[in-house]
Structures are given as C-alpha cells and as structure tokens.
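Produce the complete structure using the sequences and hints provided.
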Amino acid sequence: MSTQQTALKGTVKERAQLALNNDFLRQAVRFTTERLRSGKLKAAEEHGNWDEWRERGRQIRLHTIAHLDYYLGEFATNARENGVHVHFAATAQEAIQIGLAIAQAKEAKSAVKSKSMVTEEIHLNQALQSLGIEAIETDLGEYIIQLANEAPSHIIIPAIHKNRYQIAELLSEDAGEQLPPETSVLAGYVRKKLREKFLQADIGVTGCNFAIAETGSIVLFENEGNARMVSTVPKTQITFMGMERIIPSWADLEVMATLLPRSATGQKLTVYMSGISGPKRADDGDGPEEMHIIILDNGRSLQLGDPEFQELLNCIRCGACLNACPVYRHIGGHAYGGTYSGPIGAVLTPALKKNVAEWDDIANASSLCGACYEACPVKIPLHDMLVSLRRRKVEAGHGNALESAGMKGFAGVMSSSKVYHSTLKLGKLGQKLVVRDGGIPAKIGPLKGWNSHRIAPSIAKKLFRERYGELKAELGQQVKANAEVEQRMQQWLKGRQDGGISHE
Amino acid sequence: MSEREQDWLKQLDEQALSKQEQFLDMIAAKLKRPRVKQKPQRPFSGAPDFWQQYELSETEKLDMFQRNFEAAGGYVLHAATLQDASVLIAEKAAELKALHILRQDEEPLARLGLEQALPHVQVRCWNNDETEDWKARAAEADIGVVLADYAVAYTGSITLLSSKTKGRSVSLLPTLLFALIPRSSVVTKLGEVLKQFDELGRAELPAGIHFVSGPSRSADIENDLTIGVHGPGIVYAIIIDDII
Amino acid sequence: MRLFANYGIVLEFPNVQTCCGQPAYNSGYWEEAKAAAKTIISAFADSDFVITPSGSCAHMVHHYVEMFKDEPQWQEQARKLQGKMFEFSQFLVGVLGIKDLGAHFPHKVTYHPSCHGSRLLGVKSEPMELLRNVRGLEFVPLPFAEDCCGFGGTFAIKMADISGAMVSEKVDHLIETEAEVLVGLDMGCLMNIAGNLRYRNQPVRVMHLVELLYEGVSNSNEHAANGA
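Residue numbers (the numbering used here), protein chains in the order written: chain H, 1 to 504; chain E, 1001 to 1244; chain F, 2001 to 2228.
Heads up, some of the hints might be wrong.
[What the hints assert, rightly or not] Derived CB-CB ranges, DEER-like: (1) E:G1113 with H:K193: 46 to 56 Å; (2) H:K193 with E:L1096: 36 to 46 Å; (3) H:E55 with F:E2066: 13 to 23 Å; (4) F:N2015 with E:D1049: 50 to 60 Å; (5) H:S172 with E:Q1041: 57 to 67 Å; (6) E:D1049 with F:R2002: 26 to 36 Å; (7) E:K1097 with H:N149: 36 to 46 Å; (8) E:Q1015 with F:D2172: 57 to 67 Å; (9) F:E2222 with H:E474: 16 to 26 Å; (10) H:E55 with F:E2222: 43 to 53 Å.
[What the hints assert, rightly or not] Once the Cα atoms are required to be at most 25 Å apart in a straight line, the calculated DSS-like pairs of lysine-lysine come out as: (11) E:K1189 with H:K42; (12) H:K235 with H:K193; (13) H:K418 with H:K408; (14) E:K1092 with H:K192; (15) F:K2124 with H:K408; (16) F:K2069 with E:K1030; (17) H:K418 with H:K448; (18) H:K235 with E:K1135; (19) E:K1189 with H:K106; (20) H:K197 with H:K109; (21) H:K448 with F:K2158; (22) H:K353 with E:K1032; (23) F:K2069 with H:K472; (24) F:K2099 with H:K480; (25) E:K1010 with H:K235; (26) H:K425 with H:K408; (27) H:K418 with F:K2069; (28) F:K2099 with H:K408; (29) H:K379 with F:K2069; (30) E:K1010 with H:K109; (31) H:K109 with H:K193.
Think of the hints as simulated: they come from the structure by calculation, not from any bench. Since this is a predicted model, take the numbers as computed values, not measurements. Note that the Cβ used here is the ideal one computed from N, Cα and C, for glycine as well.
What follows is the structure in structure tokens.
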C-alpha cells in the first residue's frame, strides 16, 4: 500500500482534459464543493461580522509570521518543558530521516496516522513502508484513497472523487468479503478494522493545525475522532508540523477556531478540537509516553521577506478557496499535480519549490476571478500571487516564445493609438474572410479553443472611435445643463483636492 | 526505556538544539533583521473587541447549548440532581442492554451509584488499579461516563481535561458517551474557556484538553453523513442543576 | 454619451487612448503592460473624471501604482488616475447620485456580476439600483451569479477547455432563469457568454447595462412622443 507515487505526467492542461472528460468526477466535485461553499456562506453569515473576524485572523497570522523566529523559539522551549522532543528539519529528507530514526529506535511494526497534509508533502508513508513499517491512514477518506493507491484530491474531503460503488469495491477487497455499497456498512467496517490497528500500533503520527507558542501545545481539528485515537492510544506520538503553524496564545485560538471550521465545512466547531501539551503526565492512565514534534521548512522560508508571497504562510488549510474556485470545481484536485490543489495549490506548489519552469503551467489555470481571495478566511490575495508567478516566469525568460512575441506586439500597438487604430482597421479587413452572420465560427489559429465552445464576435463595422466625432457634434446641441449634477461633481473635485474624499 | 535508548534520545535532543539555532537565524536573515529575542509588542490578541462583550443570560446559554449540540447530532437531557441523572443513565443502559460501563474516577460520578442501579452491568472506574489495561477496558465499554469541566453554548461543545482520574479514552473509545454538565459550568463563548489556559500557564495545563461537539462523524463517502466513525456514535449531555 | 448628455455632461474620448494593458499584466508581461499604462495615463491627464464601461479595466488602473513602484513620477500620475477612474454605474450612482434614468424596458432580465467589477472593485449595489428603477423590467436572479463565466482574458485562449466548461455552466444557469435578456458591466464576460449562447443557438439577448438603459430611455422618449 502506498499513497500514489507515480509521478503525474503531462501538463495541467492535459490532466484537466482527463478530468473534464470524467463526468462522475466533475459531478462529484461540483456537488461537494457546492455543499461546502453554501455551508460556509451560511455559517459566516449566521456568525456575523465575518469581515472583522477575517481581518483579525489575518492580523494574528501576519504578526506571527513577521516574528516567526521568536514564536517558533518560544514554542520549542515550552514544548520541551512539557517533555516533548522537538526537532527541526530544513527539508523533506531531513524530516523523514528523523521520523524514521525514531520509528527504528522503537522497533515499530506499524504506525497509525491521522490526516496531515505535511506528511503527504514529504511522502512519509512510502518512507515508513520502505523500512517494512506499516503506515495506516485512519481518516475514513484517507483510508479509502490509500487502498486505491491515490493521493488526496481535496484538503478536507480527500476521497471527493470516488463514488460509493468504487469505495465498496476497494473495501470489499480489503475485507476479503463482499460489502454492500451502503455508507453505514462501509464506515462500520472501517471502524472495526481500524480499532484493531489503533490498539496494535507502536506509533501515532499526527499533523498539526495550530501550535500555541506560549504553552508549547499543538491543536488538532477533526470530526471522526481518529486524531484523538492516534494521539491517545499508541505509546509514541510523532507530530509533523509546518514551521508556519504557530499562533501566540490560546486566546488567539478562539479566532482560528472561529474561522477554520466555518470556512472548511460550515461547522461552528469540528466535533473534536484537541489541545495536546506534551506526553502523558506520570500518573495519567493514557496518552503517549513519548512525544516528538518535527518542525518542517521544506521551502516555506523561501516566502519570508518576499513581499509578494510572505502572506502565503498565513494559510490555515481550510480548503475554502478550493470550494469557491470555478476552475477547481471543473477539473478536481489531481489535475493540479501537487500535494496541494486548487488556488492555494496553484500558488503554494510552485512557491515551495521555487521552480521557475513549473510556474507558468499551474499558474495559468486560473481566470483570476478573485473568488479564492473572497473566500479566504485570512484574506490571502491568491489572484494577485498568480499574476506575480506569471510575471516572474516572464522576467526569468521562461515565457512562451509565441506569447512573448505577441505581447511585444501588444506593447507596440498599445503605446500608440495610431497603430492601435490601424490594427483594428486591419482586423476589420481580415475578418471579411471569416465572418458568417456577424460572428466568426471557424476554429482556426488562436481562436481554435475559444471557438470549440463559442462563436467569436467580429469587430464592429464602424468603430466607436470613428463615430465619436460626429456623435459629439450632434450631442453638443443637446446637452442640458443640470445644476444638481454639476454641484455633485464639483463637490467630488473639491474633496479630492482637500485629500478628503477618495474612492478605492 | 533502555539506557541505550535514553542516550540516543539525549543525542537527538542536542542535535535538535543546535539545528534550532541555525533554523531561527535563517528565518531572521530571510526577514532581513536581527533575531527577535524579546516578546514582541502586540496591538491586540484574541477575538475582536465587540466579541469580548458578547454575553448571554443563563437561560439563553442553556438554550443555545442545547440547540447547537442537538444540531450536531447529540442529545441533551436535564436532571435536577445526580440521582435523577443516574436514573437517566440506568434507563438507557438497560434499553441498549449494555454490558460494560466505564466512568471517570471522580467523586460526583461515584455518587451516581451506577453499580447499585445496574447490578447486572460491569461498571468500572478509570485507572483505579495500576495492573489493569485501561485502554482495552475503554475499548470494550459500551458506555463511557464523564463529568465535563466546561460547556460552551455558542459552539455547543463540552470541554474535558485529562488527569490521573480522568482518562482521555473514556470519552473516546466507548460506543455511547454520557457527559454530565453542572449547570454552573456552561459559558457563552469558546474564548472564556481558552483564556483560562493562558492564565493557568504552561506548567499547569493537562496533557490533553478536548472539546467535544456531538457524535463522531464523517461525510467522506459521497457526502453521506455517517455517525460514529471512530469516536462514540451516540452522545448524551445531561445538564444537572445541582451537583450536591 | 447620449445618456450623459441629458445630465449636462459632455464625454470626451481622447483618441490617443488604447487598452489598459490588463492582458499583458495578467499574463506576466509587466513591461508591455506599462507601455499601455503610460498611454492611458497620458491620455487622461487632463480629465476630471474618467469613466469606463468595464469594471475590469477600472480595476486594472489600481495595479498601475504597484507597476510603477520604480518610476515615482509615473506612480504619482497613476495614483491620480486611480482617484478619478470610475466604472460607469459607480459614477452614475456614487458620484452623480442618479439612480433613476426614467427608462422603460418591459422584459425579463437577469444580471451577471463580473468578477473584477463586483469582487475587486466592489461595484455591487449600483447596477442593481439602476435596474430596480427601470419601469416594466422584470428582474430574475441568476443562480450562482457570482461564479466566474470563464472569460479571464487570455485564460479563455490558453485554457480553452476549462474556460469552455465554465461558460457552459454559466449559460446553463442563465437558461434556467428563462430570462430574455442578460445584462452585465463588462464586455469581456458578455462577449464570452454571448459566444456560448450563439454556439448553442439560444435566443437570449446579451446587453451591457449602458445599452439597456439607453434603449430604455429611448423607449420612454418614444412613448412620451407618441402619447403627446
């Protein structure tokens, strides 16, 4: 068993094509994201003052990231005081090395895992399995896709792309008997199966939603109870956390607990929110005897000090941008080709890798509609970041040759109205050959893709700029003075001079 | 733990400390400033000001808790005294033909007298015998009984703090959970509970702090809501007027 | 122009203007976008108010300030332009305080709020207020109105299939409303939606809000002339 390691081939465009041709996938993704999105909107509205909460959340994240060295140091010190072994890993390889060293020292045979994007990012399961240690995903959706040998396609609902029949088939194979495609039966089977695994496992692996600097605690949000299992039953707990997960205090957690569940699923709070401050106390009857926290960089620090991308570290991994994104809804998570999908993935994947060559591909899969920004509980300007990625690629000389030539031409044409005007005229002349009934249906040249779904409009017979002169002359006679309107305009002008009224 | 293992751990910790310094220096360098070693000034912390003022009356709190907890799939019952609560639990246990009950080792829960009320059921008390495998006992229990430290009206949550006498497994492994909530421990908003942890400080915190808002659930299979995936599938909150 | 003339406002059309540069900006070609931006800034240097029939173009000007961060003189100019640049309905309702043009338009109409205009520029209530005051107009809300139509400028060319799936979904919702007319504030989106409607041979008429209001005012004038 391994979570999907076959490298994703082809371009985003090609992978998107596969998704667009898969009707079930499109329906399932649309249905789920629609449900989550309306749940989020309802929860935000019900709670009230949503923008003030977002702004507060953003401020807390901005402050923490701007002082990350302090807060991370404070967290590590306090966690150690709690009895935790805290480790720092600059790369995925280092994190894996530390994790494996611990597992080997414990002579571990199996590890149970709760949902963690970081461990997906570093491909922990494969590493554990290479040492013969069984790694078991225990979130229902993660367990299913682990059986299917795939990667999660949504941050919150990893098996969003599978239907109950496919799931029944996978679980039947696992069970060695035929299970009916009924949700309660299937979930019941997984509960029973994983109970045994929890009780046998030597190691529990968790991610970390938030880490509280002042008390060295980690906080986990979940609905199933598997993260509680993983952090209660096995003797050794290993928590992997991205270095940016920090918040200063428990009081700040109230803001995150307000934003995260509402944005993710529309819940007021997830069924379980657990704050874990170290291994079990000496006389406690349960909880891990030994606890490790591995703090991971793996490209995160590349965003620090970069004014265009530092805010990326504010992300709380709620998935709201995926649910709001019309592109994600049509192509699903796998088309993005990385651990993180949707708008956040389109920015985060290239940003973590600082891989210029890969930038354009993923960053182009957006219409820049801004729905992600609007949905984001900490107001990350993802649509602006996508433009920045595109710009950096062009500046680094990785632009597409044809497009570069086109844009050079664009600049030439747009810097001179004369040239612009004659280009339009030339276009009018050229289109005579292809216009049918006022539109251009032919699937040729750059319009090939456009015209597979639409008919392109033709340029007007007479351009506005050609008609403007006569229109102005005609209206010159008709203009009726309007005192009230005049006064309002003067007021605005005056306000602008005083530096008072301005509009954003 | 063997001596060899302890040495190895110590070595690992030392490596981590030096790595930590490099790590934090690198962050400061990336942020183009020296390391910040003093606690930074913050213009604010926690929830927005208007929220700090938000406060419900006692009846409103109880109503809101009930609404939210039930909306999440939990059940809310009311009892005047511990004796009343004991009757409610005993009835349910009989109805479901429970064989094993596990309760936390707390004095008010002892006073429920479940052992007497349910003579045919094995009622155990968490961690009162060092030789017992308590996780296994929790896993076999049909019903877990806990006393909530707090309940939060606005989110419909109960708060459970771990200790020697209060196992985390008792609220997690049994099929059904009863949580007793003293009426006076219900607060309006999450922040009221969270701030107490800031005030207590690191050294006083329990290892596990758990907020539970209804039964375990998942919508991972075709968005179809399933209850009781890993944690208890049935959760009763009993609000008790008077615990004495 | 005809609409504004009724309120004593003469619109100038500096013939030297071209395009705001957004296609180049969004594709990452900032140098090329700057060339266009300079033309626009110069073209409107002497105007008190600049009005555009596109929320997207109006918002693009907000990026100029950032684009010219290394050219302070141009940046100052860009800031000035941003202060006086208005999307059409924003100017009409917000600056002039005109919400009722006395238009008459007896049709079933639905409205697509373009992403850049509504989400980024914040023009949300203005077009609705203008539509509310059109006599005879029956407004039907568009399901999932805020969803992007899939235009996104060069996105529609580069990621044609994804864009096509998006516009098809938009038009599905549009057909559900049984509206006769779809009105909007951005020619890019309208062209995109109209193209898909034509491709599917759907008779819905696609209009810019300015067109609708102009036709509505003309209807009223005719009505008055006939009645008199």
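Evaluated hints:
no. : hint                             : verdict
1   : E:G1113 with H:K193: 46 to 56 Å  : 37 Å, violated
2   : H:K193 with E:L1096: 36 to 46 Å  : 23 Å, violated
3   : H:E55 with F:E2066: 13 to 23 Å   : 21 Å, holds
4   : F:N2015 with E:D1049: 50 to 60 Å : 54 Å, holds
5   : H:S172 with E:Q1041: 57 to 67 Å  : 60 Å, holds
6   : E:D1049 with F:R2002: 26 to 36 Å : 51 Å, violated
7   : E:K1097 with H:N149: 36 to 46 Å  : 42 Å, holds
8   : E:Q1015 with F:D2172: 57 to 67 Å : 59 Å, holds
9   : F:E2222 with H:E474: 16 to 26 Å  : 18 Å, holds
10  : H:E55 with F:E2222: 43 to 53 Å   : 51 Å, holds
11  : E:K1189 with H:K42               : 19 Å, holds
12  : H:K235 with H:K193               : 20 Å, holds
13  : H:K418 with H:K408               : 17 Å, holds
14  : E:K1092 with H:K192              : 23 Å, holds
15  : F:K2124 with H:K408              : 35 Å, violated
16  : F:K2069 with E:K1030             : 22 Å, holds
17  : H:K418 with H:K448               : 29 Å, violated
18  : H:K235 with E:K1135              : 11 Å, holds
19  : E:K1189 with H:K106              : 42 Å, violated
20  : H:K197 with H:K109               : 11 Å, holds
21  : H:K448 with F:K2158              : 10 Å, holds
22  : H:K353 with E:K1032              : 21 Å, holds
23  : F:K2069 with H:K472              : 37 Å, violated
24  : F:K2099 with H:K480              : 18 Å, holds
25  : E:K1010 with H:K235              : 19 Å, holds
26  : H:K425 with H:K408               : 20 Å, holds
27  : H:K418 with F:K2069              : 28 Å, violated
28  : F:K2099 with H:K408              : 43 Å, violated
29  : H:K379 with F:K2069              : 23 Å, holds
30  : E:K1010 with H:K109              : 23 Å, holds
31  : H:K109 with H:K193               : 17 Å, holds
Violated hints for the displayed structure, listed by number in ascending order: 1, 2, 6, 15, 17, 19, 23, 27, 28.
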